[in-house]
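Residues per chain, in single letters:
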Amino acid sequence: MGATAFHRFILTLGFLSLFHAAYSAAQHRSYLRLNELEFTGLPLDITIQAILSLFVIMYGVLYIAGDFKEIKASADLENRSWETFRNVSSFYIFNHRGKAFSPNYKPLRSKSLLDIAD
Amino acid sequence: MNSINTISWQDAKDLFRTWRENNERKSEDVIYIWKAALEYNLNKLGNEKQLVVEQVCIAALDCHRLDIAEFCIRYLNKEFPYSLRVEKYKAMILEAQERYEEALDILENIINADKTNSAARKRIVAIFKAQGRNVEAIKQLTEYLKTYMTDNEAWQELSELYIAEQDFQKAAFCVEELILHSPHNHLLHQRYADIRYTQGGTENMELARAYYCQALKLNPNNMRALYGLYLATSNIATSSKYPAQKKKEANNLSEWALTEIKQRYKEKKVANIEDYIAALQIS
Numbered sequence: 001m002g003a004t005a006f007h008r009f010i011l012t013l014g015f016l017s018l019f020h021a022a023y024s025a026a027q028h029r030s031y032l033r034l035n036e037l038e039f040t041g042l043p044l045d046i047t048i049q050a051i052l053s054l055f056v057i058m059y060g061v062l063y064i065a066g067d068f069k070e071i072k073a074s075a076d077l078e079n080r081s082w083e084t085f086r087n088v089s090s091f092y093i094f095n096h097r098g099k100a101f102s103p104n105y106k107p108l109r110s111k112s113l114l115d116i117a118d
Numbered sequence: 001m002n003s004i005n006t007i008s009w010q011d012a013k014d015l016f017r018t019w020r021e022n023n024e025r026k027s028e029d030v031i032y033i034w035k036a037a038l039e040y041n042l043n044k045l046g047n048e049k050q051l052v053v054e055q056v057c058i059a060a061l062d063c064h065r066l067d068i069a070e071f072c073i074r075y076l077n078k079e080f081p082y083s084l085r086v087e088k089y090k091a092m093i094l095e096a097q098e099r100y101e102e103a104l105d106i107l108e109n110i111i112n113a114d115k116t117n118s119a120a121r122k123r124i125v126a127i128f129k130a131q132g133r134n135v136e137a138i139k140q141l142t143e144y145l146k147t148y149m150t151d152n153e154a155w156q157e158l159s160e161l162y163i164a165e166q167d168f169q170k171a172a173f174c175v176e177e178l179i180l181h182s183p184h185n186h187l188l189h190q191r192y193a194d195i196r197y198t199q200g201g202t203e204n205m206e207l208a209r210a211y212y213c214q215a216l217k218l219n220p221n222n223m224r225a226l227y228g229l230y231l232a233t234s235n236i237a238t239s240s241k242y243p244a245q246k247k248k249e250a251n252n253l254s255e256w257a258l259t260e261i262k263q264r265y266k267e268k269k270v271a272n273i274e275d276y277i278a279a280l281q282i283s
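Line by line, the protein sequences give chains A and B. Letter 98 of the first sequence, counting from 1, is numbered 98 in my numbering, and no numbers are missing. Letter 229 of the second sequence, counting from 1, is numbered 229 in my numbering, and no numbers are missing.
Hints are supplied without guarantee of correctness; some may be wrong.
[To be verified] Label pairs and their calculated CB-CB ranges:
| # | chain 1 | residue 1 | chain 2 | residue 2 | range |
| --- | --- | --- | --- | --- | --- |
| 1 | B | Gln245 | A | Arg97 | 28 to 34 angstroms |
| 2 | A | Lys72 | B | Thr6 | 35 to 41 angstroms |
| 3 | A | Arg97 | B | Ser8 | 32 to 38 angstroms |
No wet-lab data here; the hints were simulated from the structure. Using N, Cα and C, we set each Cβ at its ideal position, and we do this for glycine too.
Using the sequences and the hints, build the whole thing.
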């Protein structure tokens, strides 16, 4: 589920429409104040526009926020194997036979060092 | 290897990130890709730059490519002078050269400068391990765990060390700690069952069976747990020490495990599993 230009457009549209609804509401209040009318409630069209744009934003965000995660707690672990799990990087040791493959490795010659290893 | 040769630095960056997140060792591949794609594009990596350099440094030490490791450490040192984290890498390069005493000196300096530095303490354990002094490594690690009880990695390493010393009871205890920490991890349940199965004996065999079942419940695709369940249950079914009821249950379970294993192989389109198993047997 990738975020396409279409979904970005929908999201922008939703936000613009929501701001427009907010602006209309503010204007309505100032209109009432100027005419010294009592505030009873917002006009129906502004309420509908606000709710509709909320849903439009929700639709856009769902596609842009990224993929959903599974509810199951072990879902992430399902594909991991013991091989990678047991591999703890802070306890790596470098004194292993792999270094013999290195181009700049010189094998130990002195016997005393080998004795220590035993 | 052909795809590695032509990898772009963006792909290499993503690949390195997944390897870092999954804890994969792959040191040789890391070095190869570093040489092929990343070394000359280092400045394009943005805020992942230092992480990648650290990763390459450890991989280089692992492959005994000390030239690359030195380059990485010099780079990090220039970026963060006086950083204890970089000091740790300097100790690690001495470790790779088997100059353990000097490495220990550096690590002790780090600990003196920052008493709470857990990474340096872990490296001391690793040095003992590299020298083959497992008993001392265990002693150090238990001391460490008295202070840092929630360190998962340390518990895991301690259990590995105990297994190397064949002290399965204590290794099992460490895995129990790990299970307490992440009860949803099927690998830990499987590991615990492995240890109990290795110990043998009536009670341990039943524990192994139970934990293999739990591992399979958490992740039905865990092949090793399936095999383990088959081995543990067939062990219970053929032993004379169990009551008849338990033997019957174990028999059912082992049959189930075997059919499951066969099913998995069929899905993977392995022609005839029986032939392969027969080929393994000593005639």
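Results for each hint:
1. B:Gln245 with A:Arg97: 28 to 34 angstroms: Given a distance of about 50 angstroms, which is not inside 28 to 34 angstroms, the answer is violated.
2. A:Lys72 with B:Thr6: 35 to 41 angstroms: Hint holds: Cβ distance 38 angstroms, inside 35 to 41 angstroms.
3. A:Arg97 with B:Ser8: 32 to 38 angstroms: holds (33 angstroms)
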